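Undergrad: Chains as they are written, first to last, in the numbering used here: chain Z, 81 to 544; chain W, 81 to 544; chain P, 81 to 544; chain L, 81 to 544.
Don't read these hints as lab results, they were simulated from the structure.
What you were told as hints is all true, and nothing was included just to trick you.
Only pairs whose alpha carbons sit at most 20 Å apart, straight line, appear in this in silico PhoX-like list of lysine-lysine: (1) K502/L x K330/P; (2) K248/P x K292/W; (3) K295/Z x K248/L; (4) K295/L x K248/Z.
Restraint-style ranges between C-beta atoms, simulated for each label pair: (5) E219/L x P308/P: 43 to 53 Å; (6) E391/P x K295/W: 36 to 46 Å; (7) T152/W x K261/P: 48 to 58 Å; (8) D223/L x G144/Z: 47 to 57 Å; (9) E521/P x E271/W: 52 to 62 Å; (10) P387/W x K261/P: 51 to 61 Å; (11) E296/P x E265/W: 38 to 48 Å; (12) E532/W x L377/Z: 50 to 60 Å; (13) E300/L x T148/Z: 33 to 43 Å.
Non-contacting residues of chain P with respect to chain L, defined by C-beta distances greater than 12 Å in every case (computed): (14) K137; (15) R155; (16) I257.
Because the structure is a prediction, the values reported are computed rather than measured.
Cβ coordinates follow ideal geometry from the N, Cα and C atoms, glycine included.
There are 4 protein chains.
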Amino acid sequence: MTRDALKIVTIGGGSSYTPELIEGYIKRKDELPIKEIWLVDIEEGKEKLAIVGEMAKRMVKAAGLPWTVHLTLNRREALKDADYVSTQFRVGLLNARIKDERIPLSHGVLGQETNGAGGMFKAFRTIPVILDIIKDMEELCPDAWLVNFTNPAGMVTEAAIKHGGWKKTAGLCNVPIGHRKQAAEKLNLPEDELFFKFAGINHFHWHRVWDKTGKERTAELIDLIYGPQSETESHLKNIHNVPFHYEQIKDLGMLPCGYHRYYYIEDEMLEHSIEEFKKGETRAQVVKATEARLFELYKDPNLDYKPKELEERGGTHYSDAACELIASIQNDKRTDMVVSTANNGTITDLPYDCIVEVSGPVTSHGPEPYNWGAFPPAARGIIQMMKGMEETVIRAAIDGDYGTALHAFTVNPLVPGGVMAKTLLDELLVAHKEHLPQFAEKINEIEATQPETVAYVSHLMESN
Amino acid sequence: MTRDALKIVTIGGGSSYTPELIEGYIKRKDELPIKEIWLVDIEEGKEKLAIVGEMAKRMVKAAGLPWTVHLTLNRREALKDADYVSTQFRVGLLNARIKDERIPLSHGVLGQETNGAGGMFKAFRTIPVILDIIKDMEELCPDAWLVNFTNPAGMVTEAAIKHGGWKKTAGLCNVPIGHRKQAAEKLNLPEDELFFKFAGINHFHWHRVWDKTGKERTAELIDLIYGPQSETESHLKNIHNVPFHYEQIKDLGMLPCGYHRYYYIEDEMLEHSIEEFKKGETRAQVVKATEARLFELYKDPNLDYKPKELEERGGTHYSDAACELIASIQNDKRTDMVVSTANNGTITDLPYDCIVEVSGPVTSHGPEPYNWGAFPPAARGIIQMMKGMEETVIRAAIDGDYGTALHAFTVNPLVPGGVMAKTLLDELLVAHKEHLPQFAEKINEIEATQPETVAYVSHLMESN
Amino acid sequence: MTRDALKIVTIGGGSSYTPELIEGYIKRKDELPIKEIWLVDIEEGKEKLAIVGEMAKRMVKAAGLPWTVHLTLNRREALKDADYVSTQFRVGLLNARIKDERIPLSHGVLGQETNGAGGMFKAFRTIPVILDIIKDMEELCPDAWLVNFTNPAGMVTEAAIKHGGWKKTAGLCNVPIGHRKQAAEKLNLPEDELFFKFAGINHFHWHRVWDKTGKERTAELIDLIYGPQSETESHLKNIHNVPFHYEQIKDLGMLPCGYHRYYYIEDEMLEHSIEEFKKGETRAQVVKATEARLFELYKDPNLDYKPKELEERGGTHYSDAACELIASIQNDKRTDMVVSTANNGTITDLPYDCIVEVSGPVTSHGPEPYNWGAFPPAARGIIQMMKGMEETVIRAAIDGDYGTALHAFTVNPLVPGGVMAKTLLDELLVAHKEHLPQFAEKINEIEATQPETVAYVSHLMESN
Amino acid sequence: MTRDALKIVTIGGGSSYTPELIEGYIKRKDELPIKEIWLVDIEEGKEKLAIVGEMAKRMVKAAGLPWTVHLTLNRREALKDADYVSTQFRVGLLNARIKDERIPLSHGVLGQETNGAGGMFKAFRTIPVILDIIKDMEELCPDAWLVNFTNPAGMVTEAAIKHGGWKKTAGLCNVPIGHRKQAAEKLNLPEDELFFKFAGINHFHWHRVWDKTGKERTAELIDLIYGPQSETESHLKNIHNVPFHYEQIKDLGMLPCGYHRYYYIEDEMLEHSIEEFKKGETRAQVVKATEARLFELYKDPNLDYKPKELEERGGTHYSDAACELIASIQNDKRTDMVVSTANNGTITDLPYDCIVEVSGPVTSHGPEPYNWGAFPPAARGIIQMMKGMEETVIRAAIDGDYGTALHAFTVNPLVPGGVMAKTLLDELLVAHKEHLPQFAEKINEIEATQPETVAYVSHLMESN
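Between the sequences and the hints, there should be enough to build the whole structure, so can you do that?
TA: Printed below as a string of structure tokens:
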């Protein structure tokens, strides 16, 4: 376990985020004794891998570093003796996300690529792949850390740790980073003078903030951000800026995350999404266009630094967080981070063996979350429901059982139950057929008996 | 505590259900050494009390019993030395329920008088009254049992036990009775040859069924009731008959209760309710008409038995269950009943000190629920969410805090969040002003600053 | 699963208790459609099996019943298609119990055949055998109920259910039966007019009692049994009658079981045991003599009923409880019994998946315990410690790890830690060598390196 | 809450530890903007306060600091506007500890001034006083932090937080400090390169250790400290050095604390204590002599630094830990410390609202413990038992109920039950009469009815 001459592997290396990752490593060159960087992708991502991979090489070269950058479609070759493996892949690429969002929206239902109908399907597609990767890792790099920022990061991390048994997994998200910056800015204090405690699950967490005199500033931040005088402004690129109800948030007594808008003010969020859908500007479509522009930039043989445009991508800070996590493990830096990790009672309201997103220092043996304890009833109930839904989604993803999937759709608060749940589920199954081998039998049955479902999906996707 | 020569008190004695209650007592005349029956009501219910009270007297007389029936508006006089107190009152009478249902439906939102927007307001109106009754009981009949079947029965019972501290409270509901009968009928077996375990909260429970050979029949019942070949038929008068998804219920592995339709197939339930609303036939309106007819019948000086028409009222079996509960306590009968009672770990997924609705024998010292344990994740999450919502509603009912009420509306899955939650909350507050003294200040503020809210409510109620 | 023409198997059929068991079946002949009774024993028990087996045949014949009684050393033949399997075997026979008691007592330490040093060794010897039996049952009688009354009944039942995975196991003990009778007698009320709730683990439970007016009589019983005016008298044949401290029991607020003497008043219990040891009258020795007398009686070809002397054996009621449990399962009698069964949250202070001893009706699908909830702190702590000890013993019994066994000895409150724990452990390992294959390697090591241990054990056993 | 110009108060300021405390403040003069130090004591401690107080003044002066040192018997004057209050008082002075230890030992029972019979009586004497102090603080310094290092530190801290409601309390102990140093030394690594997690309760905690490569070193430390080749050496001055059983500790999988000797190897510890008792060298007697010598030194008007001899006192590092805790709160230093603080689920095996001793950074708003989770069964059971005992002791200390106190004695594993428990309890009650007003009635009764008890105590104390 002498980690010098590091081999760092990124699965989904052809992603447009890769330059941020490379920049993150370069920034931490004194902390990370990197020898090799391996960018892995699949056949369909070959071209993107080539483009962004060459750019990565230019970045490393421009930094004057002796690191070698390897591009490969051979995952097993890359994993061999790896020290850190980060995952940022997207099964089915952005086209899958377009389906995840557009099919529900065509019925007036939120797609929401993390916790909504779309997010559940992303989990169905991704979880079998992450479990496969872990099987390879057991054989090829049994001591490596797995840093997951593939969405839905909470469910994918839970599958990896609880079902795959890979204890050395940490899930990451950029949402808390934005909230930290927001608080510092609103209070006009340096971020590192504040103490933050986040607790919840991915894209569904709350936080509290203290200053260095020991005073809790949470209530004041609620006033500043959501109070009558505030000009609420979401710091997230990908979430529409609808104001929370000030009185409710005051009663909550904690700061919500941006994604709580989908649960606390769902009608307005839905309305906005439907407008985007009508204009052909769902988030996935916008991102696809942005990506196309980014890859055009990346092709420039003179570009050897992360272009500013990448920050508009929405997932900014994600990759930097991954680099910091790796650096903190590598050097026992004990950086205070917000990580998806095993609960083990940190949040007493949630199952002992589930995955939660919480604050704590990242040590050389992994995250050591601060204890959180219990939530007040209104927050407790809603997060328990989300966790029950997540567990049901993960079970469906692994077992490929249609009833379980329908159950997950039924209890998911962003999806209506009844006929609509079944309609959406059937259409999404058909639409994602090639990436859902575990549901193959049921999909065949739908295709055989519900021609209207197949027709609807084809028509919608063509019109895209 | 020598309970002979019983004094039994019914608060809300002017209810149209009273004849069923009286019939229940008469049926159990050998078990219940009744001396006095006191029917209590308030000024607004005076006339109904007189009508139904006289009928009660005729019923007792026809049964040749020496019991005296007392009609009074003086609650304290009635409570003095009472042995059993049953509560079936409705603060604001059926007109309040009409508001509870029609205001939300006018915006296309379910009112739902138990767990929806309407149910939350029923809790706001009722909980302060039940706590007042308990204060009187502490002084006037400190050993009496309180048998609550005022809705929302779960929240009212939780307020009584947890906040009022009245340990000798049992909450009752007729829903489980219907499900027992349904199972027996579908399996073509006598009901008492089956063993039932119900678990959940009021109007949100599941059940499992075994036969006397020890075989669990739950899965078979799911097939019979919800399977492809079944002709699903709700046994509940007041719940629209929409089929559950068979695959989901199979995955659930327990039998749902009728009210789960509002959560599992909400769109269809909403659609149906909106149709009723448009026809002026919301449940409250239908009930009001039924009640009017019943009271016409009750006026008949020759009627001295419970008329068949009462069974159409929807709450049938409620009063009989109350009589059986009293008889079981009185005689240590240990009748297996489903009762809202202190959790104390019976359902490990819910707070230790909350109220749950579970199965068990009713002994002379009260219900002794069978242990239940944990639910599978999808059921666990959704009931935990409901309990968190209930606790928030109870807190709002006691504290009269607007933010807490808004928070309850926000997390209640039958109410959309955002602007709509606030609109409904404000309108319902204004509409129920006279029965919500704890919210007086906020209601005054709304009336002063939101004339459109006041106007909307007035207009809607006039058009009723 | 049509259980008519029952095949009932008793493992350890050569026990002196068998006549009580046969008597119990005969008493319930109308409830139990028995076809065959199989008494199984091992080579060493062959002679006793022949004696008691013949007597069983005479008893059945005298009762005029058509049942066949089979005696066999072939366990698998007996288990084939069995409906009920009861276990009352003793690995190593009474000689093993003599070692369990005398070796500790020779050092001035309690042996105590259920929870003390002796009990732990009984668990080490018994648990591998019960797991073997279950393996046979999986193959030969997958639907049978396993009724265990082999001590330590709690740990053996936990091994069967949690580690063996045999859900249809119920553990029985006669201690609660005695306490029920005692309460009825002290209150001068028929036993069936009282309602009992027992909770705890085998030989370590407390109980509360209510009468049929709903009044709790626990405090009154504490006064009657343990108060200043009482003449405390243990109803248990095998537990020395030392008075509890009245003030402590009043603070406890529940009735202790007889075995609590070993924990609450350990010095006096130890003193008494040492006296017995010195006189060569440890419980095992007394029992061995009683058994010898019983088998002499059993040999009488004219004896065809359970002799009165059997009641002095100490375990009286055990077998009758087993018959009642079987009859209650068979007929869905729902007899209120105290059974070792899966906790599943019945006692919230103990692990969800452990085995507890609690009250509840025995239905056709098994025991349905009444929920208990939490204990007050002093009771909570001590029973949690006992359960932690039990789990450690079971782990040691399965894994055969010496450190785990030493850890169990160290935390067991009836065994001193330090040098004495190790001395006792080593001596008992050597003494029981032939029945502890899982510890073979360590025992060989002790024999090779600690001749004084071997010598001490030989000498002590010879002097017996 | 602008904490500059600090007023720091020490209750029990006449303690021999005070010079370490003063030295600790002086060492941190750049972090602690102290204005006033108040040393408070009671009439009986007046002389010691004068001696050590003058020395404190000399130390401050020698350091060239402008701080004023105030000596007072007026606690309320001292508490007025205090910022930090530390408590190191001993109700009944060292003579009380002598009784705590000698009375049990005269019967061959451990006194053990923290968790044994002595510790329980120290709790009985101390808890009413700490609750009184808190009442004063509510009025006089509502924002102050209470830093408790009065033993039994765990129970006193639990009384302060849970019963006194003083959330801003932190309990401290020097035992973890010694274990940190021991681990660093054994591994030959700087202490700050190791990551420690301690969990348990005061004087009953375990710990795990990681190095900066992420490797857990716990097993290696078990080998080094307790393995066959080790020369075990307790780092604690006040605990006799008996070796743990290596195999048991390996099975435990965590490092024990020194006090676990009293539980894991009680016989040897008792034997050693009895020897000390016979020689008149119980720990209390030794400490009393040490103290006398220290106060002789302190009288020296030229001594203006902490004398080396103080380190032999046993409680070394205690005061320095208190200073570091204050400095860490004051400056948001986030020093990783082991503190007695509210559990809130940090250790899931223990009650949510109890006090535990755990690791975590000390922030400006107090300790933020790292989550710990669950223990393995053998450790879980024994600590749960200790916590149940602690809760019972605290209840007895507050209520003054004899039965509760007897119950605590009965379940405490260091005290035999039965007649001995009662004997010890009665004798200690009589011996400490003047400091146990809550038990006055019972003590009077004992004095009136048990002259032999009174005589025994008098005789023993005279012979001291």
